[in-house]
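Going down the list, the sequences are from chains A and B. Numbered per the working numbering, the first sequence spans residues 1 to 114. Numbered per the working numbering, the second sequence spans residues 115 to 230.
Keep in mind the hints are simulated off the structure, nothing from the lab. Treat each hint with caution, since some may be false.
[Claimed, not checked] Chain B stretches covered by chain A per the calculated footprint, using a threshold of three residues with CB under 8 Å from any CB of chain A:
| # | segment |
| --- | --- |
| 1 | 151 to 165 |
| 2 | 217 to 224 |
[Claimed, not checked] The calculated label-pair distances, taken between Cβ atoms and stated as ranges, are:
| # | chain 1 | residue 1 | chain 2 | residue 2 | range |
| --- | --- | --- | --- | --- | --- |
| 3 | A | 55 | B | 210 | 20 to 30 Å |
| 4 | B | 140 | A | 95 | 14 to 24 Å |
| 5 | B | 132 | A | 11 | 36 to 46 Å |
| 6 | B | 195 | A | 79 | 50 to 60 Å |
| 7 | B | 131 | A | 79 | 48 to 58 Å |
| 8 | A | 46 | B | 176 | 26 to 36 Å |
| 9 | B | 144 | A | 52 | 19 to 29 Å |
| 10 | A | 14 | B | 128 | 42 to 52 Å |
| 11 | A | 28 | B | 154 | 26 to 36 Å |
| 12 | A | 17 | B | 132 | 47 to 57 Å |
| 13 | A | 81 | B | 166 | 35 to 45 Å |
| 14 | B | 194 | A | 69 | 44 to 54 Å |
Every residue gets a Cβ at the ideal spot worked out from N, C-alpha and C, and that includes glycine.
In case you want the letters, here they are:
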Amino acid sequence: DQQVKQNSPSLSVQEGRISILNCDYTNSMFDYFLWYKKYPAEGPTFLISISSIKDKNEDGRFTVFLNKSAKHLSLHIVPSQPGDSAVYFCAASVVIQGAQKLVFGQGTRLTINP
Amino acid sequence: DTGVSQDPRHKITKRGQNVTFRCDPISEHNRLYWYRQTLGQGPEFLTYFQNEAQLEKSRLLSDRFSAERPKGSFSTLEIQRTEQGDSAMYLCASSRGGTLNTGELFFGEGSRLTVL
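Build the full structure now, drawing on both the sequences and the hints.
Here is the structure:
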């Protein structure tokens, strides 16, 4: 039962253009949504998050949009830079029996072409 | 460096052997998590500690897996009688609990297990 889905395994974008990464979820109990970035041979690093009561959060070049009715969120990166090339994971936070944990999507590999 | 540290970074073992991974969380974090990541997948939750108490275990964690966090500081994850299907990256993460917790976890660099 995949509660968080990233349907695009990979995405290629020209440097300077906008990168849009998408994520869908099924569980209405998720209270926060997060995006993590992962380089090879490193652990995931936190990028940006959004509360389930918000519809947009912006941090520099990164903006996350949440559409609760569609159970969909997206990460916009503009302008895209070569250093943004990495695997991006969407994650959702849920508290179950007093334990808070993150549920991750499968990831999208973003490649920024010069 | 005061981040989450994991040891060893890479372990190669033969099927049937036991392996143990260690995780040292960020010192002021009372929550510690173990996740497993296989190729092409996102991290999958294995288990969670709040201080020294293990509060949840995933059904992914078979009887061959055991995790401990004595004294609420570092944690160990032991896999007994390893199988080739155990080959994966084992990720440790920590966080500080609280009412304003957004769920953000701080991950270590992971321990990659290869079972031959």
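Find the hints from earlier in the document that the structure breaks and name them by number, from lowest to highest. Hint check: nothing fails, all pass.
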